[in-house]
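Modelling step: build the complete structure from the supplied sequences, incorporating the hints.
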Amino acid sequence: MCHYTASLVARALESAGIPTVIVGTMRSSLVNVPRALVTPYADAPMGPPGAPIVHRAVAASALELLRAAQEPVKIEFESDDHAVTVESA
Amino acid sequence: MQGNPYRTRWAAWLPTALEALGQDPPDYRAVMPTMPMPPPLTETPFAGPVNPRSIAVLTTSGAYDVNVHAPFTASSILGDATHRVIDTWTRADAIDFAHEHFNQDAARRDLESVLPRASITACGVRLSPRIISWSGFLLDWPTFIEATIPQIVKQVSIDQPDAALLVPI
Numbered sequence: 001m002c003h004y005t006a007s008l009v010a011r012a013l014e015s016a017g018i019p020t021v022i023v024g025t026m027r028s029s030l031v032n033v034p035r036a037l038v039t040p041y042a043d044a045p046m047g048p049p050g051a052p053i054v055h056r057a058v059a060a061s062a063l064e065l066l067r068a069a070q071e072p073v074k075i076e077f078e079s080d081d082h083a084v085t086v087e088s089a
Numbered sequence: 001m002q003g004n005p006y007r008t009r010w011a012a013w014l015p016t017a018l019e020a021l022g023q024d025p026p027d028y029r030a031v032m033p034t035m036p037m038p039p040p041l042t043e044t045p046f047a048g049p050v051n052p053r054s055i056a057v058l059t060t061s062g063a064y065d066v067n068v069h070a071p072f073t074a075s076s077i078l079g080d081a082t083h084r085v086i087d088t089w090t091r092a093d094a095i096d097f098a099h100e101h102f103n104q105d106a107a108r109r110d111l112e113s114v115l116p117r118a119s120i121t122a123c124g125v126r127l128s129p130r131i132i133s134w135s136g137f138l139l140d141w142p143t144f145i146e147a148t149i150p151q152i153v154k155q156v157s158i159d160q161p162d163a164a165l166l167v168p169i
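For the record, the sequence lines run as chains A and B. Each residue of the first sequence is one higher than the last, beginning at 1 in our numbering. Each residue of the second sequence is one higher than the last, beginning at 1 in our numbering.
Treat the hints as calculated values from the structure; they're not laboratory data. Ideal Cβ placement from N, Cα and C applies to all residues, glycine included. There could be a bad hint or two in this list.
What the hints assert, rightly or not - So the derived label-pair ranges between C-beta atoms look like this: (1) B:A147 / A:I53: 38 to 48 Å; (2) B:W13 / A:E64: 33 to 43 Å; (3) B:Q155 / A:A42: 27 to 37 Å; (4) A:I53 / B:P15: 49 to 59 Å.
Put into structure tokens, the structure is as follows:
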């Protein structure tokens, strides 16, 4: 339900002209979202506690989505090497 | 007075839902599939791309400033459709969470795991002066949609960020 509320707020912000990116963990609950980065860290979407390198990598990936996405997308954040796979939303 | 079809549907659903949620334990599985949702948008608004110099952070974690705010009513079976506005650089030990539907251990051990502040600024992007927080478990969808979301949009817009980053739990 958290992800659904975030999806609604993201759509409202985009409609007001503010680009958004969601960093979440429940892919199927991210409905009609402009940009989403799906991470594998339940209860800690930015990464596990005490893992600043992961936090920064997630943040950098989210910012890159804002810069690069030309259409609505969901991206999987891969924790092993911080690589990402892009696919249409 | 003009009717509100969505609120009417929601009100018709609520008594049965409250009965199921009043059980011990609450029967969420019986309730959630029948819950009326707002009309789905067929299109996804898309305002981009952008190379942000500033960004607003929003969280569904039920975060609040213990020195300023009342906590969200986490134990209500209806959830809490309100929101809080937190000064972005509030000390970590003054931020707590009122949300019973996620394990808060990680967030309390390291705020950065749910509220990216240092990690965003480390990327060279400035943060808006306010963080917007709500508790992502709620059943009062009409209030959230009709009152809370418009307020959130206005409050984010005041700071004129280039973009917004949302972190649902």
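Structure-based check of each hint:
Distance hint for B:A147 and A:I53: a CB-CB separation of about 40 Å, consistent with the stated range 38 to 48 Å. In this structure the hint that B:W13 and A:E64 lie 33 to 43 Å apart at CB holds, the actual value being about 41 Å. With their beta carbons about 29 Å apart, B:Q155 and A:A42 fall inside the hinted range of 27 to 37 Å. A hinted range of 49 to 59 Å holds for the C-beta pair A:I53 and B:P15, which are about 51 Å apart.
Checked against the numbered hints given earlier, the structure satisfies every one of them.
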